[in-house]
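J.: Each chain, letter by letter, is given below.
Number of protein chains: 2
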Amino acid sequence: MTDLFLTTFDWVPEMPRGYVRDIRVRWALEEAGLSYRVNSVPFRARGPEHFSHQPFGQVPWLTHGDTSIFESGAILLYLGERSDTLMPADPRSRSEVIEWLFAALNSVEMASLPWSIFMFSGDTEDTPGRKSLDKFLESRLQHLESVLAGRKWLVGTFSVADILMADVLRLVDRFDGLTGYPACRDYVARATARPAFVKAHADQMAHFAAAD
Amino acid sequence: MTDLFLTTFDWVPEMPRGYVRDIRVRWALEEAGLSYRVNSVPFRARGPEHFSHQPFGQVPWLTHGDTSIFESGAILLYLGERSDTLMPADPRSRSEVIEWLFAALNSVEMASLPWSIFMFSGDTEDTPGRKSLDKFLESRLQHLESVLAGRKWLVGTFSVADILMADVLRLVDRFDGLTGYPACRDYVARATARPAFVKAHADQMAHFAAAD
Chain A
-9 MTDLFLTTFD WVPEMPRGYV RDIRVRWALE EAGLSYRVNS VPFRARGPEH FSHQPFGQVP
51 WLTHGDTSIF ESGAILLYLG ERSDTLMPAD PRSRSEVIEW LFAALNSVEM ASLPWSIFMF
111 SGDTEDTPGR KSLDKFLESR LQHLESVLAG RKWLVGTFSV ADILMADVLR LVDRFDGLTG
171 YPACRDYVAR ATARPAFVKA HADQMAHFAA AD
Chain B
-9 MTDLFLTTFD WVPEMPRGYV RDIRVRWALE EAGLSYRVNS VPFRARGPEH FSHQPFGQVP
51 WLTHGDTSIF ESGAILLYLG ERSDTLMPAD PRSRSEVIEW LFAALNSVEM ASLPWSIFMF
111 SGDTEDTPGR KSLDKFLESR LQHLESVLAG RKWLVGTFSV ADILMADVLR LVDRFDGLTG
171 YPACRDYVAR ATARPAFVKA HADQMAHFAA AD
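Read top to bottom, the protein sequences are chains A and B.
Counting from -9, one number per residue, gives the positions in the first sequence under my numbering.
Counting from -9, one number per residue, gives the positions in the second sequence under my numbering.
For the record, the hints were derived by calculation from the structure and aren't laboratory data.
The reader is advised that the hints may include incorrect statements.
[What the hints assert, rightly or not] Subject to a maximum C-alpha distance of 27 Å in a straight line, what follows is the list of computed BS3-like cross-link-like pairs (lysine-lysine):
no., chain 1, residue 1, chain 2, residue 2
1, B, K142, A, K125
2, A, K189, A, K142
3, B, K189, B, K142
4, A, K125, B, K189
5, B, K121, A, K121
6, B, K125, A, K121
[Claimed, not checked] Stretch-level coverage of chain B by chain A, calculated; a stretch enters the list once three of its residues show a Cβ under 8 Å from a Cβ in chain A:
no., segment
7, 41 to 48
8, 55 to 69
9, 83 to 89
10, 97 to 105
11, 117 to 124
12, 128 to 142
For glycine and all other residues, C-beta sits at the position ideal for the given N, C-alpha and C.
Whole structure, please, built from the sequences with the hints as guidance.
T.: Structure below.
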């Protein structure tokens, strides 16, 4: 594959650095050994061109020839369909990778990201809604803990499902939310020790630091 | 396709009826005119067999021959790949349907479902976290409103992306969260007027009512 362009913000505040979702795409591209270039769009002034690629004004998006794709999940699926390193070719494993890819985003991150929003806000009030939200995340992590206690990666070998799940979990870990879940914590440590993650993370940090 | 089995709970409380996620799969199967049967698992006593199909103890899952798939997004993608009614075959439209399918789950539902959890809890406390969560949903709906103001469906003709987006939005609508978003509200009305949704909804209601 040639002509892969990843677009991210030109700059973001300190807080989200290392966690901006372009890291998922960088990580996948590094794992697959695909060459790519990184473009920037203004963080502060998001124009019509930006919204034409990403209708919510977020990042990242990937362009490949005249195809432009937004949503980290859709991008990783697209890359997975083009690289056996990212997604196994046999139909059964492929189907399992796809369900876990959705599980990372729609079963785990749907609980963990809102929880992180409360943590970011420094909100410690124990209201009924907050209790329900905490319980929602707890339930997801408990079940995931059972799964990860018996597996190195979600489906046989490392895949795009692991990139998404590990990236989702490391934001929980940032706020010490994995304390009671040793298998989840070990899984995050295992995933983020991979050279492709280390490079992706360093590249994102350098990208935003260059704009300061 | 033969031998499609959709599994859902045998019973759920009043509150979630009509909104249990098996409706997404029923709706897709009805749109595609595929025949299927519905199996039940206990809502109260979730056993190892249940967790072997759905590791978070949720529903639905779909079995097709010896393939078993969980996550409504993964199931709809699987069905979409097998039905031109659910997902257009040409690569560009297919790619757009897939990005919108992820957007429904990971950009919109990730904001709307936690918000609904607070609404379900009757939680009205205006804490900093709650304000951030409200703002998160508001931002997503504002951008989606611009998109839907100019389109009947997300990508040309009706697709699995619309099933997911409309189902996500109708839970927001249930709590009057679409009041300021007329294009979103019209879109939900348009989608849920489709005979396939009407049948799927009636079937889910009848399924749970039969267990009372």
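J.: Hint by hint, note whether the structure agrees.
T.: Hint check:
1. For the hint pairing B/K142 with A/K125, the CA-to-CA distance comes to about 38 Å; that exceeds 27 Å, so the pair is violated.
2. Between A/K189 and A/K142, the direct Cα distance comes to roughly 21 Å. Compliance with the 27 Å bound is thereby established for this hinted pair.
3. At roughly 21 Å between alpha-carbon atoms, B/K189 and B/K142 fall within 27 Å of each other, so this suggested pair holds.
4. Between A/K125 and B/K189 the alpha-carbon distance is near 33 Å, which puts this suggested pair outside the 27 Å criterion.
5. For the hint pairing B/K121 with A/K121, the CA-to-CA distance comes to about 16 Å; that is within 27 Å, so the pair holds.
6. Among the hinted pairs, B/K125 with A/K121 is consistent with the structure: their alpha-carbon atoms are about 20 Å apart, no more than 27 Å.
7. A count of 5 residues in the segment 41 to 48 of chain B with a Cβ less than 8 Å from any Cβ of chain A is obtained; the coverage claim is therefore met, three being the minimum.
8. Check result for the segment 55 to 69 of chain B against chain A: holds, 9 residues qualifying (beta carbon to beta carbon below 8 Å, three or more required).
9. Only residues whose C-beta sits within less than 8 Å of a C-beta in chain A count toward coverage, and the segment 83 to 89 of chain B has 3 of them, enough to reach three; the restraint holds.
10. Here's how the segment 97 to 105 of chain B fares: 6 of its residues keep a CB closer than 8 Å to some CB of chain A, so the rule of at least three is met and the hint holds.
11. Counting residues of the segment 117 to 124 of chain B whose C-beta sits closer than 8 Å to any C-beta of chain A gives 7, which meets the bar of three, so the coverage hint holds.
12. Evaluation of the coverage hint for the segment 128 to 142 of chain B: fulfilled, as 6 residues show C-beta separations to chain A shorter than 8 Å, against a requirement of three.
Checked against the numbered hints given earlier, this structure breaks hints 1, 4; the rest are met.
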